[in-house]
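Q: Residue strings, one per chain:
Protein chains: 2
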Amino acid sequence: MKLTKLILLFSLLCNISLLHALQQSSNPIGIAIHGGAGTIIKEKMTPEREKAYREKLTEALNAGYAILKQGGRSFDAVEAAIVIMEDSPLFNAGKGAVFTSDGTNELDASIMDGATVQAGAVSGIKHVKNPIRLARLVLEKSPHVMMVGAGAEAFAAKHGLERVSQYYFYTENRWKSLERAKSKGAARAGETSRKGSSDSDKLEFITREKGTVGAVALDRNGNLAAGTSTGGMTNKMFGRVGDSPIIGAGTYANNQTCAISATGQGEYFMRLLVAYDVHALMAYSNKTLQEAADEVILQKLEGLGGSGGIIAMDKAGNVAMPFNTKGMYRGYVDNSGRTIIKIYKDE
Amino acid sequence: MKLTKLILLFSLLCNISLLHALQQSSNPIGIAIHGGAGTIIKEKMTPEREKAYREKLTEALNAGYAILKQGGRSFDAVEAAIVIMEDSPLFNAGKGAVFTSDGTNELDASIMDGATVQAGAVSGIKHVKNPIRLARLVLEKSPHVMMVGAGAEAFAAKHGLERVSQYYFYTENRWKSLERAKSKGAARAGETSRKGSSDSDKLEFITREKGTVGAVALDRNGNLAAGTSTGGMTNKMFGRVGDSPIIGAGTYANNQTCAISATGQGEYFMRLLVAYDVHALMAYSNKTLQEAADEVILQKLEGLGGSGGIIAMDKAGNVAMPFNTKGMYRGYVDNSGRTIIKIYKDE
Chain A
1 MKLTKLILLF SLLCNISLLH ALQQSSNPIG IAIHGGAGTI IKEKMTPERE
51 KAYREKLTEA LNAGYAILKQ GGRSFDAVEA AIVIMEDSPL FNAGKGAVFT
101 SDGTNELDAS IMDGATVQAG AVSGIKHVKN PIRLARLVLE KSPHVMMVGA
151 GAEAFAAKHG LERVSQYYFY TENRWKSLER AKSKGAARAG ETSRKGSSDS
201 DKLEFITREK GTVGAVALDR NGNLAAGTST GGMTNKMFGR VGDSPIIGAG
251 TYANNQTCAI SATGQGEYFM RLLVAYDVHA LMAYSNKTLQ EAADEVILQK
301 LEGLGGSGGI IAMDKAGNVA MPFNTKGMYR GYVDNSGRTI IKIYKDE
Chain B
1 MKLTKLILLF SLLCNISLLH ALQQSSNPIG IAIHGGAGTI IKEKMTPERE
51 KAYREKLTEA LNAGYAILKQ GGRSFDAVEA AIVIMEDSPL FNAGKGAVFT
101 SDGTNELDAS IMDGATVQAG AVSGIKHVKN PIRLARLVLE KSPHVMMVGA
151 GAEAFAAKHG LERVSQYYFY TENRWKSLER AKSKGAARAG ETSRKGSSDS
201 DKLEFITREK GTVGAVALDR NGNLAAGTST GGMTNKMFGR VGDSPIIGAG
251 TYANNQTCAI SATGQGEYFM RLLVAYDVHA LMAYSNKTLQ EAADEVILQK
301 LEGLGGSGGI IAMDKAGNVA MPFNTKGMYR GYVDNSGRTI IKIYKDE
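First to last, the sequence lines map onto chains A and B. Sequential numbering of the first sequence, starting at 1, is according to my numbering. Sequential numbering of the second sequence, starting at 1, is according to my numbering.
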């Protein structure tokens, strides 16, 4: 009699976990990534280069999606996708980062966990191979949200994160971009131009190189996460911090609403708090993800004279990817497992 | 006949400018400041020390208010009030800044102009006497919003801003605080504790020193401005960036709604985007300044386990100053010119 009861209890427990697993497996999952927004037009692209971008974006998406499909965390999926893009010279993040006016590489990254609303961010990183991993370390192993420069490097070293020399970040393309920018005298012109002023073409010399990378994801447990990584702007003054490592500007995630990663002219994104603003419009104005994302990018950013775009995902797995530039490297995997990659505006 | 017409026209024009001046002089003006929130209780305060705080807060308010009364910009009033508090060893900003775990002083500041929604911010500053002036310089003379460390220092030097050695920031009190924090082994304990985790008393060792300063103001032209300056947390890991230099977290101003400056446990303010959130609740949820400010500090910040406060001013000159600590050094001048200074909770 006692044994029968035990068997009954065991079978009941089994059914509950099975039910839970079934329920979980029906929860939507999804991942979206970007590799930067800017003047990306078909006429200036070679078929080989376009193929390389599409393949690398697919690889990054697949890496993140594999984690989600196995029931892993969106936080891990975001990191995995970004690491692949950081390791590729195609993007302005990690290997392939642009040069500062000083001829150095200074990398920024941030990551946010929508479940706990905890965040980690780093800026001015010169010797860490994958800044997104350092951002995660700041979240998990420090009492802080943001660390910069030598202090952040020391923290990375202490925790055994893979470090590299500045030469690791050298790519011929990016060096030539710096030389072109310098020869245009952008350093001096740019410095005296005001943000959002009519000197916009001077500012353009230091902003035309795009390729910030980012990812947003939703896992089976309904947790959202977002991350962003960048080398900043070619010929930027050393010490400049853009929107990518600023929680609420370049990156934001909150299970209540959405996960966001941004790319574009960082200064405008910082002044507008672009990532948080999408959340706020959803939370306080009952906008849908698409409505909120469009309002922030196509109306507010555009209205202020800024350019760029975002990738956004809500708790139902819906994706929005508005941008006001010629193109944005972007892609997502939907709940059915279908991978979509896009580069140009009309695609 | 022609002369009569001219005289008529002249007198008309005179009346119009007089009317404009009269109208302007009836526009509300106001300024509010804070000198940090924390465990400030009457029992631990000497009468001399309390008097010194009240006098310095009054001096800072008067400096800012004088500018507003003469028709000057809120942006200038905010800077003037903060410079006075930076120059006083009473506050954890400028002279009187706390020490990092490395024994250095690293200062942060930011300023925002509500009329243009332009902003300037600096972090990790070691040799600039008044970081708020450098934040302003970033806004006015660089294409960037935020600059940190050596790059920001070089920018300051280039523009002739007053620079000082690290010894300038030394005060015996703050050094003793560092020694006390270190002897408690806070460096190691704090580093492994998670933000918002139950390790809150470990975190406390590096956050108990308060004294961030800030100001918000409204001028005759209806323009709002906000600024914040800090030395951060005693025994903080060097390289840590708090909320004070983060636009949307520690500082925000927008003529559409309000101007905000925050003080408290920076990490919570960054995760909550405290300053921008007050704006968002007013803009999207039609909350009043007081309602929005209270919701963010007394509900959201409190709910996440963080502590601190804000000063807030709306376009009508209304003031809100919620905080969830024992006290907050604070004060304001209202439209009638009356100066109010408060320190403790029940005051």
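Any given hint might turn out to be false.
Note that identical chains are pooled: a pair holds if it fits in a single copy or bridges any two copies.
As the list claims (entries may be wrong) - Taking lysine to aspartate or glutamate pairs in the DMTMM-like style, the calculated list, with each CA pair at most 25 Å apart, reads:
#, residue 1, residue 2
1, K42, E302
2, K126, D102
3, K287, E59
4, K326, E291
5, K315, E55
6, K51, D346
7, K51, E179
8, K182, E172
9, K44, E55
10, K342, D87
11, K345, D102
12, K287, E140
13, K326, E50
14, K126, E302
15, K158, D102
16, K184, E140
17, K287, D334
18, K300, E140
19, K158, E291
Bear in mind the hints are in silico, worked out from the structure with no lab data behind them.
Q: Under the constraints set out in the numbered hints, which ones does this structure not fulfil?
A: Those not satisfied are hints 3, 5, 7, 11, 12, 14 and 19.
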